[in-house]
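K.L.:
The chain contents come next:
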Amino acid sequence: MLGFISRRLGVMALTMVALSLVVFFFVNLEPNLKKLAISQTEQRASPEMQESWLQRNGYRDGFVIRYGRWLGVIRKQPNVDPATGAAVPRFRYCNEPAEARYSGILQGDLGCSSALRSPVAKRLMEALSATGILMFWVMVVMIPVSLATGVLAGMREGSKLDRVLSFLSIASTATPEYVSAIIFTAIFATGLGWLNGSAASAITQGPSLWNFTLPVMTLAIFDIGYVARMTRASMAEVMTQQYIRTARLKGMSFTSVVMKHALRNALIAPFTVIMLQFPWLLTGVVVVETIFNYKGFGWLLVQAASNNDIDLVLACGIVSVVIVLLTQLISDIGYAFLNPRIRVS
Amino acid sequence: MCDYPALIVHRDFDKNPDTIKMPGTGPFEIVEYEVGKKAVLKRREGFTWFGGEPYLDGIEFLDYGAEISATVSALESGEVDAIYQTVGETVKLLDDMKMAKEEVVTASTIVIRCNVAQKPFDNKDLRNAIQLATDNAAILKLGYNDAGTVGENHHVCPIHPEYFELPKVPRDVAKAKEMLAKSGIGDMELELISYEAEYVKNPADVMAENCREAGMKVKRTVIPGSSFWNDWTKYPWSTTEWNMRPLGVQVLALAYRSGEAWNECAYANPDFDAKLNAALAIADAAKRKEVMKDVEVILQDSGVIVQPFWRALYRHHAPYVKGLGMHQTFELHMEKVWLDK
Chain U
1 MLGFISRRLG VMALTMVALS LVVFFFVNLE PNLKKLAISQ TEQRASPEMQ ESWLQRNGYR
61 DGFVIRYGRW LGVIRKQPNV DPATGAAVPR FRYCNEPAEA RYSGILQGDL GCSSALRSPV
121 AKRLMEALSA TGILMFWVMV VMIPVSLATG VLAGMREGSK LDRVLSFLSI ASTATPEYVS
181 AIIFTAIFAT GLGWLNGSAA SAITQGPSLW NFTLPVMTLA IFDIGYVARM TRASMAEVMT
241 QQYIRTARLK GMSFTSVVMK HALRNALIAP FTVIMLQFPW LLTGVVVVET IFNYKGFGWL
301 LVQAASNNDI DLVLACGIVS VVIVLLTQLI SDIGYAFLNP RIRVS
Chain Z
1001 MCDYPALIVH RDFDKNPDTI KMPGTGPFEI VEYEVGKKAV LKRREGFTWF GGEPYLDGIE
1061 FLDYGAEISA TVSALESGEV DAIYQTVGET VKLLDDMKMA KEEVVTASTI VIRCNVAQKP
1121 FDNKDLRNAI QLATDNAAIL KLGYNDAGTV GENHHVCPIH PEYFELPKVP RDVAKAKEML
1181 AKSGIGDMEL ELISYEAEYV KNPADVMAEN CREAGMKVKR TVIPGSSFWN DWTKYPWSTT
1241 EWNMRPLGVQ VLALAYRSGE AWNECAYANP DFDAKLNAAL AIADAAKRKE VMKDVEVILQ
1301 DSGVIVQPFW RALYRHHAPY VKGLGMHQTF ELHMEKVWLD K
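In order, the protein sequences belong to chains U and Z. Counted from 1, the first sequence has number 273 at position 273 by the working numbering; the numbering is strictly sequential. Counted from 1, the second sequence has number 1282 at position 282 by the working numbering; the numbering is strictly sequential.
Think of the hints as simulated: they come from the structure by calculation, not from any bench. The structure presented is a predicted model; accordingly, all values stated were derived computationally and were not measured. Certain hints may be false.
Claimed, not checked - Dumping the calculated SDA-like pairs for lysine to any residue here, alpha-carbon to alpha-carbon at most 25 Å:
id, chain 1, residue 1, chain 2, residue 2
1, Z, K1141, Z, I1185
2, Z, K1234, U, L192
3, Z, K1201, U, E42
4, Z, K1037, U, L192
5, Z, K1101, U, L192
The shape of chain U in the complex, shown without the other chains (with noise of 0.2 Å):
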């Protein structure tokens, strides 16, 4: 197990290595760093300005260097004064001493936004902990809906509860969060006036009912007609089975052959699928979170890739690839828990 954990980990490491040199080399192609620099300088430099300011930010030097400067075995330098031949910060605003130094992600440094115009980890913690908050209320809107809707549709295939059901979790899963958060917004803010159609409030009033039920709603009945549909086959599988027969012939009741037979064993099957649904929700927020203008992690992975912002771009791969690999870890060995039968090795 402990081995099994250990090369899980390793991999996650190679993972994150490869991945950011990936993404270091994209953000790093010359159209990028010409609109990093066109940003940067207002829009207003001529070309040769745009030159000089990739050259004094250390744009310019290779591949390798700037690439072990971000990972922190490399030394940072700080810009140089062309007036006064002084050693400046190289963005003020992210208060970097102004001084050689090994600071690097190794070191814990995520290095500075330059669109946002303050350091990365600031923004990345106050993301995280607002779309952790949205993904917390949309599993606890999803998982016990999508169980019991994927239970009672399963457990009697064919039926017409069954074919209500499973007709609903179709068309849920078949509607994007796009479409669908529009939909509600025109139905439930704009018609009805019952929601507010702008989760921004959230943050700095706390979620309420009024503004965060269409954004948790929106992501969570997406994702409960794809559990469902899991649960529902899981749990029609195990009702052919031939202990539930057994059981039903023994005398025992339908609803009891549920609880104390059936569910147990559906539910193995769902539990991975939940999990995987995280990598997924990351996906589903960056589309939310825009709409709804929620300042999560998805809006944060907008902003920087929209604006080449270098330090953001690689800081957010980074966390996608640990809540990726992390999810998958644990529905391993949350598996290898309720089905005895599985080792992990």
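Starting from the known structure of chain U, fit chain Z onto it as the hints suggest.
P.N.:
The following block gives chain Z in isolation, referenced to the frame of chain U:
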């Protein structure tokens, strides 16, 4: 280069990394500032502002991002009292929602320009054919929701003090066909490039249709905004936007004088330069107006730009917000604003 009015800042502006602690002379001071999130302004305490006492205790600017639905929802739910700017179809939406509208006509515009250094747009007959084939009023209506006034292809706006009114040139498809035949470009396909923003994409679509009606073969290409600006002065035939300057001569000097950095048309005409330089040297607007006639005629006749409309700017706010207008160059005058709740 003459450009927008500059803000005068304290002499230590460059030394202090913290904008918040900057001394100032306005009625409000910044107390909180987070890029991408918000800026909080508060009335300066123990301070007598030269313009009198402002009504508001403070102002919060919240960043709702580019996704307009969140902004609309925020205004609708009372999360915000006013928005910075309303564009495109949202104007009508917010009108229907009984929000108060502020409107101002500006000298901001879009141009669909030919780069005369690129073939086949070095051909003046072709350029004039394009101008004649294009219906500026239709572009304004179909491509920009009628949110502005019709332009006259010479980039001087009726709100400019030196504007000289030239006779209107109506659309003339028959004459455009004639000019096209005269240009001798034959069946050549012309590519009209724009970036993604609605206010240039839709007008360019309408214009392409206009030109097709006059027998041109037009291909439309849309380039993402993020990469468009890398080469914006080089495209043979494409769209740009120009914000307003207080005087008509200012943009002309930036955009159409020979060799200027932002001369996206690669237009070089010594005659035009001489006339424009003369106009730039005249301080009195009424006298400058006389010289402007020639300047406008030369530019219009050269055919380098189709400048379909002048954009009007809009802002919506809740009905209880009083004294908040809209300004041509987005200046915010919050000192006269009050809330009637």
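K.L.:
Broken hints, numbered, in rising order?
P.N.:
Hints 1, 2 and 4 are the ones this structure does not satisfy, whereas the remaining hints hold.
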